[in-house]
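Modelling step: build the complete structure from the supplied sequences, incorporating the hints.
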Amino acid sequence: MSRLEVYSPEGLRLDGRRWNELRRFQCSINTHANAADGSSYLEQGNNKIITLISGPQEPKLRSQMNVNRATLAITVNITKFSKMERSKSSHKNERRVLEMQTSLARTFEKNVMLHLYPRTSIDVQVHVLQQDGGLMGSLINGITLALIDAGIAMYDYISGVTVGLYDTTPLLDLNSLEENAMSSVTLGVVGKSEKLSLLLVEDKVPLDRLESVLAIGIAGSHRIRELMDEELRKHGKKRLQNASS
Amino acid sequence: MSVSDRRRILGPTNARPIQFAPLNEDSKKIDTERKNLNKSVFIENGLVSNSNGSSYLETRDSNGIEYPTLLLTSVYGPRPTRGSFNSKASLTIQFKEVTAENFPTGELKELCNFLTNIFNAVINLAGYPKSGIDIFLNLIQHEGPSGEYSREAILPTCINGITLALVDAGIEIFDMVSAGSYNGTVVSFTKNGEEIVGLWKDTGDVEDLVETIEKCKEQYYQNRSTMIKYLMQNKK
Amino acid sequence: MVLSVTEKAYLYESLSAVPPLRPDGRAAHQFRPVELFTDFLPTSNGSSKIVASDGSECIVSVKAKVVDHTVDNEFLVVDVDIAGHRDDSQFVLSIGSILTKVLTQQLEQRGLQLTRKYSFKLFIDVLVLSSYSHPLSLISFAIYAALNSTYLPKLISSDDDLDVAELPLFHDYDLEKLDVRVPLLFTVALVGNNVLIDPASNESDVANNGLVVTWSNGKIGTPIMTIGLNDDNVKGFGSSHIRTTLEMIEKCAPQVVKALDGI
Chain W
1 MSRLEVYSPE GLRLDGRRWN ELRRFQCSIN THANAADGSS YLEQGNNKII
51 TLISGPQEPK LRSQMNVNRA TLAITVNITK FSKMERSKSS HKNERRVLEM
101 QTSLARTFEK NVMLHLYPRT SIDVQVHVLQ QDGGLMGSLI NGITLALIDA
151 GIAMYDYISG VTVGLYDTTP LLDLNSLEEN AMSSVTLGVV GKSEKLSLLL
201 VEDKVPLDRL ESVLAIGIAG SHRIRELMDE ELRKHGKKRL QNASS
Chain E
1 MSVSDRRRIL GPTNARPIQF APLNEDSKKI DTERKNLNKS VFIENGLVSN
51 SNGSSYLETR DSNGIEYPTL LLTSVYGPRP TRGSFNSKAS LTIQFKEVTA
101 ENFPTGELKE LCNFLTNIFN AVINLAGYPK SGIDIFLNLI QHEGPSGEYS
151 REAILPTCIN GITLALVDAG IEIFDMVSAG SYNGTVVSFT KNGEEIVGLW
201 KDTGDVEDLV ETIEKCKEQY YQNRSTMIKY LMQNKK
Chain D
1 MVLSVTEKAY LYESLSAVPP LRPDGRAAHQ FRPVELFTDF LPTSNGSSKI
51 VASDGSECIV SVKAKVVDHT VDNEFLVVDV DIAGHRDDSQ FVLSIGSILT
101 KVLTQQLEQR GLQLTRKYSF KLFIDVLVLS SYSHPLSLIS FAIYAALNST
151 YLPKLISSDD DLDVAELPLF HDYDLEKLDV RVPLLFTVAL VGNNVLIDPA
201 SNESDVANNG LVVTWSNGKI GTPIMTIGLN DDNVKGFGSS HIRTTLEMIE
251 KCAPQVVKAL DGI
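Chains as they are written, first to last, in UniProt numbering: chain W, 1 to 245; chain E, 1 to 236; chain D, 1 to 263.
Calculated from the structure, these hints are not laboratory results. One should not assume that every hint holds.
As the list claims (entries may be wrong) - Selected chain W positions facing chain D (in silico; Cβ < 7 Å):
(1) L22
(2) A35
(3) K80
(4) R86
Even for Gly, the Cβ is constructed at its ideal location relative to N, Cα and C.
Pasting the structure below:
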């Protein structure tokens, strides 16, 4: 285990946060207006993520066409330079990445009104420029923002966050140092509700502690939803002003 | 490649591959003498029977110093392509080193890209809608100057080889295309040297580019007349 | 956008007119505006992002690693990733090969040498998020900006370690700017008798041929080569085209260098 003090007796974490505090969260949408139909740029702590969406559009292959609803394809591109140490191999066909793609697609398939866009495909490309733990949660937030920018009908926001369990204390929004030191759970929360569209548990978590972990996770996700909503409304207002002036 | 070899013990990290001392002067002399005996360019068409057209070339470097290049080119097509409609044929060129792998993959792909661009300009692609033409180059042997493997040295041979193979396959081309190389530059011409279809300069000075092009043109004339002579002699 | 045969013919005629009429109103020697950002990735030693006006975007990261150059004498690795193209496609590999070649030719390993045994090895990762015309020139601008904003850790241990086995030691926070002269690559389209710099995607579609020209150390360098901008309009060109191209690059390149250095 790490020799660093992950959670000090005073209740401070490695980067100075308290147990229930999020990392710096900054986002913007419509960043690549010319390159894609919907785009977002997200910084969550040291995670930097660009999301590009093209679609709904005619599928490239006939076989990808579904007569009843749109096909949602998500590609996650984790760049070689995204971590401190450059990775030698490209992450494109890694099993971990493929699994991430499938679970992201499943998370969003339930939330996007795919039946409104039959015979089309919606392609989501996520480029991870930098990563520092809690990647899955950040990916969810980035995709939500880009989908909204693309004007694709959704039932509600999905906001994601990672929560760890250190001894008996749940810690919100882990960075990579913390993520390596403890077991963690990733949540995708639908809007302001307590419904989960993703619950990813890859480590052992004691069942009697899970409730407190989920509680702080849902609270954190709601906060992220608020932050995204704020930014979107600000952006909308600006667009409206530009259009009317 | 990206997969590291874990099956063998690779030795210490600072291990270096063995290197052989250069050949001594005597053995070199015999070598050149032997090579001087067959100085001519050897051309043979139609060796690959299952292809639509093929050519086999044995050339020496045009500077007059001996490095025999052995190249087998085969052309497949025009054959129908599946899927969407194309009003013009699509051309692919693939290059393979048969005996030894001296060039990195990226460099070979660059070479193929370059050759494809040349022959896109030369083949009458509009005459073959809904079809594909595939050209395969097999480099059997190439001995570069002072043991180095330069793409400049094999490029003219590749271009000549493809031209001959296309003629053998009976695929329409606008003109015989050929190339000359001088000073690390390869220039490919058509239409009696009036038009350039490919320019490749990897190293050297740019100052004398016009002069270099002229030198290449001379070789182009020579190469073209050799090819035409061969084709006229062997016409069916 | 796919152009129809008639549209292509119209565009070709206007581009080969004298003077050329380009759809976006540019002159033959004029570039499209680009936006350039540097130093936005704190985990890389140098980074840059370039966005062209048509939405083409390219991100470059430069990372350095200390290696024993007596064992590993490759001092530069260029890795190209273009969204929408396979990593092993001819297009991606040949762009990677051109960039590797031109950068290893022009950059000097001496500038990266730390001690008599160890030196820095640079990893240049190129990510093209979207591209509509041939991305080579855009990538080279991004690499130029990234390498010129690269800072490497400062060596504080002795630089003679041939006799004593010693690992290089670096200053805790002091960085030194990487001093390199980075070559630039320019693409031009040849249409009719005209030479057009920085062709847009619709111009590339009708071009007769393309040329790549390298600019290094204040003069035209190598490689210079023809490059396919499309598959179905390729034609030959005269040597006068080459002369015009070289003259044009000689005129434009110093201005581009000045603009890139101004960041």
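Comparing the hints with the structure gives:
1. L22: Not OK, violated: L22 (chain W) not within 7 Å of chain D, min 20 Å.
2. A35: holds (4 Å)
3. K80: holds (5 Å)
4. R86: This hint holds: R86 (chain W) lies near chain D, its Cβ roughly 5 Å from the closest one there, short of 7 Å.
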